[in-house]
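4 protein chains.
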Amino acid sequence: MNEPLRAAVIGAGYWGPNLARNFRTSPHWDLVAVCDLDEAKAAKVVGPRSTVEVMTSTEALLARDDVDAVAIATPASTHAAIAMAALRAGKHVVVEKPIADNSADAQAMVDLADERGLVLMVDHTFCYTPPVLKIRELVADGSLGDVLFIDSVRINLGLVQPDVDVFWDLAPHDLSILDFVLPGGLEPVGIAAQGADPIGAGQTCVGYLTLPLASGAIAHVHVNWLSPTKIRQMVVGGSKQTVVWDDLQPQQRLTVYDRGVELGAEQPDKATTNISYRLGDAWAPALPEREALGAMVAEFAGAIREGRAPRTDGRAGLRVLKVLEAASRSLADGGRLVTGSTVEVSA
Amino acid sequence: MNEPLRAAVIGAGYWGPNLARNFRTSPHWDLVAVCDLDEAKAAKVVGPRSTVEVMTSTEALLARDDVDAVAIATPASTHAAIAMAALRAGKHVVVEKPIADNSADAQAMVDLADERGLVLMVDHTFCYTPPVLKIRELVADGSLGDVLFIDSVRINLGLVQPDVDVFWDLAPHDLSILDFVLPGGLEPVGIAAQGADPIGAGQTCVGYLTLPLASGAIAHVHVNWLSPTKIRQMVVGGSKQTVVWDDLQPQQRLTVYDRGVELGAEQPDKATTNISYRLGDAWAPALPEREALGAMVAEFAGAIREGRAPRTDGRAGLRVLKVLEAASRSLADGGRLVTGSTVEVSA
Amino acid sequence: MNEPLRAAVIGAGYWGPNLARNFRTSPHWDLVAVCDLDEAKAAKVVGPRSTVEVMTSTEALLARDDVDAVAIATPASTHAAIAMAALRAGKHVVVEKPIADNSADAQAMVDLADERGLVLMVDHTFCYTPPVLKIRELVADGSLGDVLFIDSVRINLGLVQPDVDVFWDLAPHDLSILDFVLPGGLEPVGIAAQGADPIGAGQTCVGYLTLPLASGAIAHVHVNWLSPTKIRQMVVGGSKQTVVWDDLQPQQRLTVYDRGVELGAEQPDKATTNISYRLGDAWAPALPEREALGAMVAEFAGAIREGRAPRTDGRAGLRVLKVLEAASRSLADGGRLVTGSTVEVSA
Amino acid sequence: MNEPLRAAVIGAGYWGPNLARNFRTSPHWDLVAVCDLDEAKAAKVVGPRSTVEVMTSTEALLARDDVDAVAIATPASTHAAIAMAALRAGKHVVVEKPIADNSADAQAMVDLADERGLVLMVDHTFCYTPPVLKIRELVADGSLGDVLFIDSVRINLGLVQPDVDVFWDLAPHDLSILDFVLPGGLEPVGIAAQGADPIGAGQTCVGYLTLPLASGAIAHVHVNWLSPTKIRQMVVGGSKQTVVWDDLQPQQRLTVYDRGVELGAEQPDKATTNISYRLGDAWAPALPEREALGAMVAEFAGAIREGRAPRTDGRAGLRVLKVLEAASRSLADGGRLVTGSTVEVSA
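Residue numbers (my numbering), protein chains in the order written: chain A, 1 to 347; chain B, 348 to 694; chain C, 695 to 1041; chain D, 1042 to 1388.
Hint data in this document are derived by calculation from the structure and do not stem from the laboratory.
Even glycine gets a Cβ: it sits at the ideal position worked out from N, Cα and C.
Some residues of chain A that are not near chain C, with every Cβ distance over 12 Å (derived): (1) Lys44; (2) Pro48; (3) Ser50; (4) Ser77; (5) Leu112; (6) Leu157; (7) His173; (8) Glu187; (9) Ala214; (10) Ala309.
Covered stretches of chain D, going by a simulated chain A footprint (3 or more residues, C-beta under 8 Å): (11) 1062-1072; (12) 1090-1099; (13) 1288-1302.
Taking lysine to any residue pairs in the SDA-like style, the calculated list, with each CA pair at most 25 Å apart, reads: (14) Lys41/A / Gly1088/D; (15) Lys391/B / Pro982/C; (16) Lys230/A / Gln943/C; (17) Lys934/C / Gln251/A; (18) Lys934/C / Trp283/A; (19) Lys738/C / Asp760/C; (20) Lys577/B / Leu263/A; (21) Lys1085/D / Arg49/A; (22) Lys924/C / Pro1326/D; (23) Lys1271/D / Tyr971/C; (24) Lys738/C / Glu638/B; (25) Lys577/B / Arg984/C; (26) Lys587/B / Leu157/A; (27) Lys44/A / Glu1330/D; (28) Lys388/B / Arg715/C; (29) Lys924/C / Lys1281/D; (30) Lys230/A / Leu293/A; (31) Lys924/C / Asp1287/D.
Using the sequences and the hints given, assemble the complete structure.
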C-alpha cells in the first residue's frame, strides 16, 4: 500500500468529529490536524494522548506543506470561501452537503478544481451506504427495469434551524441519492414544492417535493422536522421489480419484490385496460454492515491517487443544489411547477 | 331489542358480498334480498340453503313494502340514479364511496334525503375501524393538541382501472378519514394534485395530493397503484402528541408519541430559534379487533331508528367528492393550487 | 364437478361456527345440519333465513341417510364416543384436535375407521395454512438440507382452563406441524417437559417441551398462557438453509435464509474447529392468502371421494397424542427425559 | 471533576478494542497502555499519532505505579491468573465474562479482592444497556408485580468454538441479566439443560436452560449458534404487567403491556377456574441511545472512588458461573434437574 495521504478537518461542530474519526482509522489517510475557531472544540475532537494537531487558523492550515487534502464541515454559507482558498492552496477538497449556499459559488468551485486538476468531492454520505450502493446496482444492471416512480420519506424530530428550511436541511440526502441511483443523474423536467410552517418557526418545517422525470416517471420527497417518530423509507418502483428500503430495519433494510403491473399491447381499443400482474417472491439481498464514512474517505483517497472524479463529485453537488434552488422558487410561488431552463442542472 | 330492520343489497360485484355478509349477521338487520342484473352473481352471494331472495330488477326491489333500506354497491356512475329512485320509494340509503361521480348529483341526493326525512349514508368504511375511531377521539379530546400535519400513504399493487384514476379509486379512503377526524370536517383552503402515468395506462397511477388547511396545518395524501408492497400508514402530528397508524401491524396499529417540538415565546428576536423538544414515552392504545362493516351497518340502523344523521352522512360524502373534483382540476392544470370558491365544500 | 358431499357439524361452541362456515361456502360440501345439545347455540350458528337444520340429538343425526360425514367439535373427552358412533353409522369423520383424550381410544378410532373403510381425519388446521405447506415443501424437496433444529414458540394471553394444561391446549398445534413437516412424521427418541404454574391455577401455564430426534436434531416447543403479547414463531434450521415463520407479520410470514454454518472435513485433528459460514441473501416466498379451514374441508372431501387417507389422518392425530401423553409423564417426573417404548408412537 | 483514573487494557483480541475505545473517551479515565503478547495487535488498537503505550508483558504492566486499574479481555482460562496477579499488585480489576473458567478460582478472586479492599468487577455489558436498566427498574419498583416467568432467546449465526459450548459462550449474557433484574440475584432452585450438536461440531450448538425459581416462577434461556437470523428477545411476565424486550427493534426495544391474567380467590372449589384478564394499553418507555460500555467504565470508576461494590461485582460473576457449571452437569446427565446444594450459588 502507498503511504497514507495527509488530511485535515476544518470544523469541529456536529459532523466534523465523524469525519475526523474516519480519517483517523482509515488505512488510506493520516489525520494531521483538526481546525476550528473554537480551540476547545477542536481539542475535544482530537482527544487526549494524541499528536494530531489542534489549529484555529484556516490560513495557517492551508499554508502547510504536509497537508494534501482538507475536509470542510463548517456552516454551508462558508463552504465556498474556504473551499476556494483550499483549492488555490493546492489542496484536494471534500465538503459537507450542500456544496455551497448558491449555485454560482458552486459552479466557481467546480471550475477552479477543474482548472487546478484537484479533486472536489461532496460528502453525500448516503451514497456510500450498502443499501444505496445496492439500489444503484439494481437500477444499473436492469434488475428493476425502467424506473417508474421513486418515493422518499425522511421524517423525524429535527433541529428547527434559524437560517435554513427543512428542504435545505434534509432533502440534500434524498436528492443526492436520486442523483446517485438514476442513470444520468438527477435531471428533473420540473420541480414543485409545497410546505407548511404550522408552529410559526419562520421556516418551512414540513415539505413535499415533486419531480417529474423526462421518462414519464415521477420522484417525490417528503421531509419533515415535526415527526416524533423516525421514518426513513424509499421505494424505487420499476417495470420489472421494485425495491423498498427501510433504513430503520437493520435486519432487512432492502426488500426487492419480483412483482409489478404491466400494460399489455394486444387489446389497445378495449374498454378494459389490459393489465397483467406479476406476484412473485420477495428477496432481501445480504448487505455488509460497515460505516459509510469509511467508504467515503476511501473513495476520496482513490480519486486523488488515480486522478479521476470521485463518485460524488462537485458536479453532483451542483445538480443537487440547483434542485434545491428551484424548490425554493416553487415554494415562493405557491407550489407552481418550475420548468424549463430554470431547472437546467447539467454543469 | 327492536325488530330488525329489513335491508337489500344492490350490486353483487366486489363489495356487495361484504355488505351482504354484514347485514346478514347483524342483530340490527334482516337481509331480505340481493339484487344484481347478473342473477348468477346475486345467487352466489346469497349461497345455498338460504331464503334470502335473489332479484334482478331494482324497480321491483324498490317497489317492495318489506324493505326499509338499501345498500348500493354498483359502479359510481350509477349511484345517483339508483339512490334517487330508492329515496323516492321511501327507502333509507347507504351508498358505496364515492357518493356519486359528480357533486351536482351528490347535492341532489343530499337534498332529496333531507326533503323526505330519510337517512342518506356513505359507506366510508375506514371511519368505523377501531384505529380511526381512536384517532378521532385523540383529536377531539385534545390529546394531540393542535393538528400540525397529516400525512397519509396508501400504496399497493392495485387494479388499474379504465375509467377512474388512482385519486378517485383510493383517495376517497384517505379523504373520508381526514373528514372524520378533523374537527369541522374536511375544509382545505386549497388543493394541489400531482401525478404520473409511467406505464401508459391512460390514467394517473401514482398520485400526490397536498391540502393546506385554514389553521396553517397541511395534509398530504400519497396514493399509488404500482407498488408491489402494501403501505397503509397515516401520521397525525399534533402540538402535544403525534399518532402513527400502521395498518399492517396487527399487533400495534396505533402508536402515540408524547414527543414534539415547540416554539418558545421568550426570545422572539434572537437569531437562534427558541425551540424545545419533548422526548417522552410512546404508548399503544388497546384496540378491539372487530370488523368495521359490522359497526357501519349498526350505525346505519341507529341513525334510522333515532331519526338522526349517521356519522358518515351524505354531506361527508359530498365534501370528499368536491375535493376529488378539485384534485382533478389541479391535475389538469399542472398541479396548480386550486383555491377560493372552487373548493368551497360546505354543503 | 361432482355433487357436493353432505356434512353435519356436531358442537356449536368455539370452533364449530368456523367449521360450519367453511362447509357452507365450500363447493365440495352441502351443510345439512348443525347439532348441539344447546339448541339456541346451534340455531345461532345456522343463522336466519337458512334451511340448514338445527338438531339436538347426535343419535338422530347419525341415523339420517342424507349425511355423508360429520365434523366433531365437542370437548376432547367426548371425541371418542361420538366418533365411534359416527363410524359405526357409516359416516366419515373429521375431529377437532386432540383426536381423543387418551391413546387407547384414539387407537380404537383408527382401527374402526380402517375396518369400515371410512375416512378418519383430524382437524390439524395449521397444516393447511400456506406457510406450513411451504415449509413442508422446503423440507421435502431438500431446500433446507438436513433439519438441524426446530424451535416453536406459541405464547399469548390464553384461556386458563380447568381440565387441561397448556401443553394439551396449545402444543397440539406445534406437534401437528412438526408431524406434518418432518419426513416420516413426529417420531422423537425422547421427550422432556418442564413447566410452571406461577399463578396457582392448578394447571401448568408455562411449558417447555424438548424432543431429541433420531437424526441428532432437536425440536423444542414453548407454550405459554400468561404472555400478554402474542408470539407465533417457528424456526426450522437446516444444513443448507433456514426458514423463519413469523405468523404475526402478514406481509412476510416466511423468510428463508441462504445462510448457515458447516463443519469442514479437512482438518479433523486441529484444535480449531474448521467451520465455514454461508452469508447469502434471504427470500420471502409469495404465499396465497386463504383460509386454512377451506383447504381442510376440501382435503376431507378429496380423501372421501378418492378413498385415500387425508393428509392429517387419524394416525397423525395418534402420534401427536402419544407425545402429549409422554410429556405429561415427563412433567410428573420432574422433567426427566422419557425414552424407549413409552414414546413409541408409530400406530 | 476529579483527576481521571489511570487504566490499562490487557488483551487486544475481539473485545479489547471496545474496552480501549471506551476508556479512552471516558471523562473518568485516562488510558495509559494496551498490553498483548502480540505487539502488532496492541499497536493496532492504540492506532497512529497516539502516546498510549503498547506493552507485551503483563508483569511489566502490573509493576507500573501509574496504573490504577486493569481491564482483562483475554481467554477465560487465563482470567484467574492475571486477575490474581493484578489484585496482588494493588490494581482494581474488571474482567470479561465469564469471570473465570471454574468457580473455585472465581471464589479465590472474590476473596482476594475483599481482603485487599480492591474493586473486582465483571463486564456484564448488557446490564449497562438502557433496556436492561429499565427492566430492572420495572421489577424493583413493583410495576410488573410478581415475576411469573422470564423467557430469553439469544440466537444467531455464531462462531462455533473449539473449547466452549454454546451455553458457556452465550448464556452468560442471559444469566447476568437475570442476576441483575431479579430481586436478590440469580438463585434458581434447580437447573436443567438440554442441548444438541446436530452438525457434529464436538460441542453443544443449540441449548435450552430451564431454571425454576423459589417463588414458583420459571426462567428459560434458549441459546443457539446455528440460526442465520438473529433473535434477541426477552419476555419478563409479571402479575401486573409484562415487558417484552426486542433488541433488534431500535425504534422500540421495550414494550410494557398492562395486561395479564389473575386468579380470583372467591370460588376456590368450583370446577371452573376463576380467572380474570386485564387488557389494557401497551407503552414503550423512552430510552436513551448510548453505548453500554461507556456506562460500564463509569460505574467501574465510581465504585473505585466511592470504595463500594460495583453493580456487577465479582459475586455476580460467581453466581453466573455456578449456574453454568450446574448446566454442564445437567447436560452430562441427560437433562436431569440439578438441585440442592450443588446449585447453591450465594457466595
